[in-house]
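> Here are the chains, one letter per residue:
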Amino acid sequence: LIALGASQGSLLWFGGGLVLQGLGNGVAVPPLNAAVASAVPIEDVGIAAAANRLLSQVGNAFGITILTLAYGSRGGGSTVAFAVGGALSVLAVVTALAMEAGDAVDGLGSRAGGSGASRRAAASGTGDRVERSITIRMRRARLGAHQRGLPHARRRAPNRLGPAASDRLGSSPRPARPRGARAGCEPAAATVRGADHLEREALGEADLVGERDRVELLGRFGISTSSTTARPARRSVGARPSRTRPAGAAAALAAFGAPAPSPASGGGTTSSRTLMRGG
Amino acid sequence: VRDWRRSPPSSAAPRSRLLPLEYFSLRDFTAPILANGFMGAAYMGAFVLAPLIFLETFGSSVTLASLVMLLRTGALTAASLLGGWLAGRVGARPTAVVGTVVMTIGSG
Chain S
7 LIALGASQGS
17 LLWFGGGLVL
27 QGLGNGVAVP
37 PLNAAVASAV
47 PIEDVGIAAA
57 ANRLLSQVGN
67 AFGITILTLA
77 YGSRGGGSTV
87 AFAVGGALSV
97 LAVVTALAME
107 AGDAVDGLGS
117 RAGGSGASRR
127 AAASGTGDRV
137 ERSITIRMRR
147 ARLGAHQRGL
157 PHARRRAPNR
167 LGPAASDRLG
177 SSPRPARPRG
187 ARAGCEPAAA
197 TVRGADHLER
207 EALGEADLVG
217 ERDRVELLGR
227 FGISTSSTTA
237 RPARRSVGAR
247 PSRTRPAGAA
257 AALAAFGAPA
267 PSPASGGGTT
277 SSRTLMRGG
Chain G
799 VRDWRRSPPS
809 SAAPRSRLLP
819 LEYFSLRDFT
829 APILANGFMG
839 AAYMGAFVLA
849 PLIFLETFGS
859 SVTLASLVML
869 LRTGALTAAS
879 LLGGWLAGRV
889 GARPTAVVGT
899 VVMTIGSG
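Quick note, the sequences are listed as chains S and G, same order.
With my numbering applied, the first sequence corresponds to residues 7 to 285, in that order.
With my numbering applied, the second sequence corresponds to residues 799 to 906, in that order.
In isolation and in its complexed conformation, chain G is listed as follows (with noise of 0.2 Å):
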């Protein structure tokens, strides 16, 4: 075991214990990370000001604007299974970039 507060062997650059950063040169690491980051941002943006739009903008009660987010969680809580299931059949990058897409024209 080495000692931690003598300086690193200067052979070779020693291996991060919290998070190599080797792993960002994978596309397949970085990609995703980036992805799940944006989808988010734009989820939980959208979470949050929803409310205040439907109540503001549109001047419904407070039980539809409910209504309304728990559908979406519910709607989020069923695709995952879908998600899931599509990733086991058609492979990961098609089902993100479906789910992807479809976030897009929600958001749109």
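With the rest of the complex left out, here is chain S (with noise of 0.2 Å):
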């Protein structure tokens, strides 16, 4: 319509020309843009979006260069010009028939089987439970400096846990400890195990928080985890290191009215060796 209303010296074809292109371009451009993004593995999606923006921008600078030099070169002209664009955009129309479904999530990875619908939401699923892993670990972090009684921790990790887990245990809300008192003390430790069976239910399974990447993490974040990891098993020597718990953190967790988690699921490391420190 634009090339039409230059050509036939109609304002009115021309604007309206210019307005629909308006309508075109933004109509096609967030579902190509999402059509790239969900084409590569979600680790990538910035390399994806990075490859995307430079290629437009390209065609910007390009499409500005072509239209101008084909208004403005001998034999050309305003109609010339918009003929031009209009080729651009014939062309654009023929990549965007050569796309696929163009909904695929992890184009590489996962292309075998199952809808666009159903793919999608198996990748938002995994996406939310590492993302919910990477919290949680970093709240374990935190909830291991407060047990050491690491000034900062000591201040700000209880309210970490939210009001989800003081309603859990029963005591809502916490009653304030002594300023001066151990941070290893009954209470503290009877949170730090509370959070523990929360995330472990949150998670769904126990193998995403395993002792081993507490211990790496703890480490990432400068803390030495040799004393806390040490201790259990030089505290009871002689029984089964470190998956024991002992009777009596048991009989304190249900004074807490926390349910008791599965031996199975190794649950309560973080716990037993707190309690047995308080204790």
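Everything labelled a hint here was simulated from the structure, so no lab data went into it.
Keep in mind it's a predicted model, so treat the numbers as computed, not measured.
Watch out, some of these pointers could steer you wrong.
[To be verified] Just so you have them, the derived chain G footprint on chain S, three or more residues with Cβ under 8 Å:
id	segment
1	59-73
2	96-103
[To be verified] Now the in silico label distances, taken between C-beta atoms and shown as ranges:
id	chain 1	residue 1	chain 2	residue 2	range
3	S	L103	G	A876	38 to 48 Å
4	G	L862	S	L60	34 to 44 Å
5	G	G857	S	I48	50 to 60 Å
6	S	E49	G	S823	12 to 22 Å
Cβ coordinates follow ideal geometry from the N, Cα and C atoms, glycine included.
Now that you have both chains on their own, put them together as the hints suggest.
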């Protein structure tokens, strides 16, 4: 319509064509961007977006250059220039038709099987779980610092649990600990244990927050873990190391109203250690 | 961590850190990128030329020219919402094809 309006001298068609161009571009660009982003594995979405952006900027620059060239060259003019623009958008139609579904998630990885929607749901679920796992590990690292009574952690760690944890523990709000009290005393230990359980429940499985990961993460935060990890083994000589929970700890947990985790899930490695230390 | 000054291991081609070229073998990756480039070319070319044509060929006022260009940008903004909604409803490919066809009609 632009080229037609320019050749006919019709202002209405010219302006209408311009607005229609805006409409078409607006409708086309979001699905194109989404298709690019969903064609690659999730860790490379940034790469895909950068490549997409690069080529669209190159297209912008070349479009300005080409149309201006067609407008200013001998034998050219406005009609020729906008016809060239029309040819460019025909190329855009062709390339858009060359797309496949455009909705595939994790293009390289999971091409086979499943509808687009189910794959999308699965992928988002995975991402969600990984994200939760990371959040929880960071929280656990902070709680670990809290156990050892680092000053900043002592102030902040109990609040990180949120209202759900304290509801679960049956003591809401948690009674304030005296300021000078040792960080390893029993209320704090129970808080840690409750968080532990809630985290496991949220994740649905214990392997994501294994003890090894926690130790590794604590190490990454610059916190030495040798004292905490070595302690249960040293204290319970002769017993199975680190996976056993003393009976006193179970009683203390029951007193706090928290459901006991199954022993098979390895629940309460943090709690056993803490309770042993406190009590 | 591999020492970057040494030559890469000869067994397998190393994965590029900046842009893995095997992605260009995916049509869902390459085609939308190219379409985006062409769309940008058509759109921005007209964006630069149209005010000139308004002023020189049609002899209209600067106000009218800028109003039409503003309307164009507003149409793009509103249509982006529509495009995203449509892409969620009917899929990315039909929406992109419809958008590019509308763009072609507008340009032609």
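> Against each hint, give a clear statement of whether it holds in the structure.
Now for the hints, and whether the structure bears them out:
no.: 1; hint: 59-73; result: holds (count 12)
no.: 2; hint: 96-103; result: holds (count 7)
no.: 3; hint: S:L103 - G:A876: 38 to 48 Å; result: 25 Å, violated
no.: 4; hint: G:L862 - S:L60: 34 to 44 Å; result: 35 Å, holds
no.: 5; hint: G:G857 - S:I48: 50 to 60 Å; result: 54 Å, holds
no.: 6; hint: S:E49 - G:S823: 12 to 22 Å; result: 18 Å, holds
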